[in-house]
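Here are the chains, one letter per residue:
Protein chains: 2
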Amino acid sequence: MAGSTGHDGMQDTMREDDVRQEGIGQGVLELVDRWWRAANYLSVGQIYLRSNPLLREPLQAEDTKSRLLGHWGTTPGLNFIYAHLNRVIRRDNLEMLFVAGPGHGGPAVVANAWLEGTYSEIYAHVGNDEAGIAELFRQFSYPGGIPSHAAPESPGSISEGGELGYSLAHAYGSVFDNPQLVTAVVIGDGEAETGPLAASWHSHNFLDPAADGAVLPILHLNGYKIANPTILARMPEDQLEQLLRGYGHQPYFVTVQDPDNTEQAHRDFAAVLDRCLGEIKAIQDSHRQDPEAEKVGEGGHRWPMIVLRSPKGWTGPRTVDGLQVEGTWRAHQVPLSEVRTNGEHLKQLEEWLKSYRADELFDAEGRLRPDVARGAPAGDFRMSATPHANGGLLRRALKLPAYRDHAVEVPNPGTDRVSPMITLGSWMRDVIAENMDNFRLFGPDETASNRLQNVYEVTDKVWQYRIDDVDEHLARSGRVMEVLSEHLCQGWLEGYLLTGRHGVFNCYEAFVHIVDSMFNQHAKWLKVHRKLQWRQPVPSLNYLLSSHVWQQDHNGFSHQDPGFIDHAVNKKAEVIRVYLPPDANTLLSVMEHCLASTDYVNIVVSGKQPSPTWLGPADAANHCRRGLGIWTFAGSEVPGEEPDVVLACAGDVPTVETVAAAELLREGAPGLKVRVVNVVDLMRLQDDSEHPHGLPAHDFDGIFTPDKPVIFAYHGYPALIHRLAYRRTNQQGLHVHGYKEEGTTTTPFDMAMLNGIDRFTLAIDAIDRVPGLAGTHALLRQDLQDRRNRAREHTRTHGEDPKEIRNWKLGG
Amino acid sequence: MAGSTGHDGMQDTMREDDVRQEGIGQGVLELVDRWWRAANYLSVGQIYLRSNPLLREPLQAEDTKSRLLGHWGTTPGLNFIYAHLNRVIRRDNLEMLFVAGPGHGGPAVVANAWLEGTYSEIYAHVGNDEAGIAELFRQFSYPGGIPSHAAPESPGSISEGGELGYSLAHAYGSVFDNPQLVTAVVIGDGEAETGPLAASWHSHNFLDPAADGAVLPILHLNGYKIANPTILARMPEDQLEQLLRGYGHQPYFVTVQDPDNTEQAHRDFAAVLDRCLGEIKAIQDSHRQDPEAEKVGEGGHRWPMIVLRSPKGWTGPRTVDGLQVEGTWRAHQVPLSEVRTNGEHLKQLEEWLKSYRADELFDAEGRLRPDVARGAPAGDFRMSATPHANGGLLRRALKLPAYRDHAVEVPNPGTDRVSPMITLGSWMRDVIAENMDNFRLFGPDETASNRLQNVYEVTDKVWQYRIDDVDEHLARSGRVMEVLSEHLCQGWLEGYLLTGRHGVFNCYEAFVHIVDSMFNQHAKWLKVHRKLQWRQPVPSLNYLLSSHVWQQDHNGFSHQDPGFIDHAVNKKAEVIRVYLPPDANTLLSVMEHCLASTDYVNIVVSGKQPSPTWLGPADAANHCRRGLGIWTFAGSEVPGEEPDVVLACAGDVPTVETVAAAELLREGAPGLKVRVVNVVDLMRLQDDSEHPHGLPAHDFDGIFTPDKPVIFAYHGYPALIHRLAYRRTNQQGLHVHGYKEEGTTTTPFDMAMLNGIDRFTLAIDAIDRVPGLAGTHALLRQDLQDRRNRAREHTRTHGEDPKEIRNWKLGG
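Note that the protein sequences, when read in sequence, are chains A and B. Per the UniProt record's numbering, the very first residue in the first sequence carries number 1; after that it's consecutive. Per the UniProt record's numbering, the very first residue in the second sequence carries number 1; after that it's consecutive.
Next comes chain A alone, as it looks inside the complex (with noise of 0.2 Å):
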């Protein structure tokens, strides 16, 4: 017998009353049931059916696949929870969003899908049919056919379901700024025990209940992971009441004791649903009603959420050749792995299909019945048809405002220190203040500490538990999202795009690899994306990485890292951007086109401390449009004439050295042309048949010249520039300097020393690498190397910098 009880005492006599009460007559009850029927039977013919989809025909061994892939084991209780959303959903018109957690869910939300009727409208080739049905279960795990987890391919989702543990933020992110919608989230309780779900449950504490919507979380304990029994499953059930408590919910359990009265099963989850959408409801109304409702932690609401606790591979065999599989582990896979081969087998898998009396479901062509297709909501209001799934349908362009009044002036090259971080903050401050319900700015408790304060001024950072006098800027909404976890920072930031809002994770730069791959995971679904006519362009993913590896005078080693970039570049070409704005005028340029884009993922490095301007708002647009190009100011070329050696910089402090080892040439070395080339859009370097942003390889070799040595001072590691570059015509002359692992508590000098990007060592490389340079200016050599020498001693002795480079400026 199922029982259903809350942690205040709800008796199983609530049950019955509460059906009563909301109107649960039998009959829609029964309409759930053939809809999850029909669904467990479209699911577990997508595992085993090549043919004979509609066991017209006793099932012989060559209908089913030869190899059998997929996985069954969370899939019954997926479509279970389904079902019962779409009840909701039509009585209600909830616009409602389903996220499935679990891994390998991919049968189940097809399965909804086509049941809906959006599979067939999406994807023509699968019909509402017989042979469409054929279609469906043919190319499930299929080569060049569809994959085993909920994915771009599948209407209605916005979370694959691979990697897991991203689920439950990717629902709050969906639902922030959207306060019609209710999120319907089924984790998993694999997927439970990872971090960043386990981070995910104080989610809540960042939701306003009047502006935003509501996630219903639905954890799903089936009980067992791949070969383990799960740990919320195997705690004791009070300890699990006091931890889901604990993080801040009413939990509702649903447990299905007996697995075969599956009338109980649906009747404890009806009547569970419904309360916790009536309290959804009551929370919502109270806040939207009275700004001042008391909120929670002060004694004011929980969200209510459901436990469902129910058998693995439900409904499928209870027993294979003597072994338990149903409500076990072994329900995981492929319950039945030798119906080709396995008699026996195979009579179990028709005994099984046949349960769901597949002839009260579909009509003689294969056509879904009407008592089951009414099972489906209206249009829009189908979760896997929601255009909150395909967010780009949804997407508002943002109101960019004009960055050049926040663009500084640079009457000369290099005079002027601005920290870059703090002129994006005030244009960041407009670009909130004109998009209040389009846009949110998240970040690990680094907002302020990047710089971006000045957004502060129009906006606060979204808090519900206790706010202190003492407390700065924290709101019960606003624009900000702050909690220290970059995993939750990036997964509400996925949820928010891919339903078609728009963003910026700022971060520091060594610890967005935190997010490594979660980043892959997006990288991926916008790869897949891209290419599905249906789905509309998203926002782009803005990583905006801050306190960078050559900053780090507080923190250390542990905070250098410049690693994410060298990361992302592994990820599809069309979809990933990088950018190493110089200054304070060029990272106000590239963020307002990183802004206004689609599709990609777009990774923006930017220095904090306040640092030499270079480039006047204009030509500071024009550099930034270029991607690339030479600082004549900088260098000492004679115009018509190639240079005798290329300074090329990419990165703020790089692009400082760079510019003052051109200076220390030109005063040591008059006569000697040296160019010097600065980059912001890093994949110009690449080849333009590998990336189309790729500089083609005439301008390249205009730029770079085919056979004069390249300096390159890099922000990061320097075999990146070597990987990018490895086409062009002269890289055997590329000598890149940048982070080589070295790296400690120290000032920014010495950090650059340490590494080999400091002006005395590119100064030296270039008169090194020049033929001849080194005998006629042997003196010079020296000196640049004594001077080095002394900056090490005095950084070493007084704890700082030697004022001249603190201080240094441009000359002339």
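Check the hints yourself; a few may be wrong.
To be verified - Within a straight-line C-alpha distance of at most 25 Å, the following computed BS3-like cross-link-like pairs (lysine-lysine) qualify:
# : chain 1 : residue 1 : chain 2 : residue 2
1 : B       : K572      : A       : K531
2 : B       : K531      : A       : K740
3 : B       : K740      : A       : K572
4 : B       : K572      : A       : K740
What the hints assert, rightly or not - Selected chain A positions facing chain B (in silico; Cβ < 7 Å):
# : residue
5 : G144
6 : G556
7 : K572
8 : E741
Rather than coming from a laboratory, the hints here were simulated on the basis of the structure. A virtual CB, placed ideally from N, CA and C, is assigned to each residue, including glycine.
Following the hints, position chain B against chain A.
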């Protein structure tokens, strides 16, 4: 007034009773307080002072550092806890390890190590006198000095305090198989918001109270992060208690309500600490005396923990410039930021320092007074001196059974098919059997999926919650640690390794990116650790990556990512090793090598599906020793002559395709001299100036030729091979095929074709690259192209690879 309550209604009155019962006399607590004051004094001094360390003269602006770096906020709380732990260590002769989770706890761990004498023993230039204190102060967060976090340089530390989130997992790793050890881990409330930390609370389900030690978590709620309140500190206390009880703990709260009443705080904390240690001992005793003692989740034990709620920046300036500082986020870094220029700040600093009454703590020479010094435990009981924090001291080499007993015979290369991982599992079984207290195998629910199931013949997976009849290989103790969290696997293993034991982390290749950032921190730790004479070598961190990119028939695109290798090679060459054994015997040889090594990160990638065996046991050992070699059996070279083309490969699937391509060429283009080179140790490709494993240039040119085309089939992203070989003579002749981020749910050979590493593509590339061959062998080229097309067509139609490919064997 401070309050101390436990879940069971333990009242304030308990406190004093306990203090009396346990005999915590006033004198004992005064000693604790003196220690705390001394540690606080030394912490403030590290942040501020460069001279006049003991304030023997009135404080002058010039006595302070010109740049104020470091963080005060968390430090007094850490010092408080440390002082109290020392009391019980002394009393009970406890073996205790201290893990400082909060960020920027450096001043505290360093101060305590100095007080304990350890610091001066290790770093002779920082003596136990006034000059030593001056140096202690000077070096902190100073160029060439020490970092502001707990770090390898910090005596007593196994956990970097930079990135946050891993302290609790590290703590658990340290106590596995250390039954006598209690690890006290301070968890910052900022850190507690991270996903990995949130997941770590469940770790006790994997700890055997009989055979493992204990972890005492101390959740330090000082209320604020950099700029925000923390979630755990702001949620209602009853909710927090539910949360911690939901995690399975028994929390005891110590709340400092009056920061000035430190005596009360000492009494409260001492009483709770005694109670926790008593409960730990009771749990251990019951399990060690009775193996059938009730377990957690069966009405059995709950491990105790402490929640210390104390003001951020406790004992620091209460207000600065009229704003509250103590007890707020403003105490996070340097509370008084203008001591050099603001007389009021300087005066406040002097008062602050004097509040610790240094004259009572240090004698005229600056030595610690005996009635402070006796607060330190003796010898190795000092937490700063415990050998557990310098695990190399305790490291016992693994007993490695001869792997040749498990090696497979290879009568002919390529004819038999064996799963390398199953073969390895059989050897790992013996490794485990011979090292039952010194080795563990970690994995996220994937040990069987990765085909290492043979280990279950001798051991089990650890699990403390209920074990059901249907479960297999679950037990209260065992060598296999499975939890669906890569973060936990990595964190536990790091703690286990750094305390001197051995282990392997087996993981799906794609999802090891989840721990990219943890890998970064560990590799950085090792880099620094290796330079510290006093730190002894620790066992290597071994990654065994399977279920790799080429064998994802079930899982598809989300599971396809070979980029961890790229990520890893950015770290210091002396630390990183990467192996791609092509078959079962080479995998055995490589793993034996890795398990015997120290101070490396070894990355081993191997498929789990049956695949051709190439080398017999002796040949495999030789091949692995060389790291790469020419496979004459696969090529068609003429001895003494240069080949026309080199087919090189790294990785098991690329090796199969390369050998097959060579066979296609031998059949189709007799007379063509094809050399086949297999690379096991990827670092051999790098120049020997860049990596200790790098092959000398002359040897490299001998194998790869200086100028012949090299068609290189690589397991991962092609750019890495170019990157590693970019200094090589023949790098222009290098044509790399690898994963191009083209994937989906499809067959292995279809994956190879999608990404152009299949035999046909490789053979065609060879034809195209050898001058003249495309002209003379146009028909062969066309035939290969046709066969490739037919293979794709067959896969699309039949859902499987063509039989001649599935069953492919090397001819002759």
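Okay, the hints, checked on the actual structure:
no.: 1; hint: K572/B with K531/A; result: violated, 39 Å
no.: 2; hint: K531/B with K740/A; result: holds, 16 Å
no.: 3; hint: K740/B with K572/A; result: holds, 8 Å
no.: 4; hint: K572/B with K740/A; result: holds, 8 Å
no.: 5; hint: G144; result: holds, 5 Å
no.: 6; hint: G556; result: holds, 4 Å
no.: 7; hint: K572; result: holds, 5 Å
no.: 8; hint: E741; result: holds, 5 Å
In terms of the numbered hints stated before, the structure departs from hint 1 and from no other.
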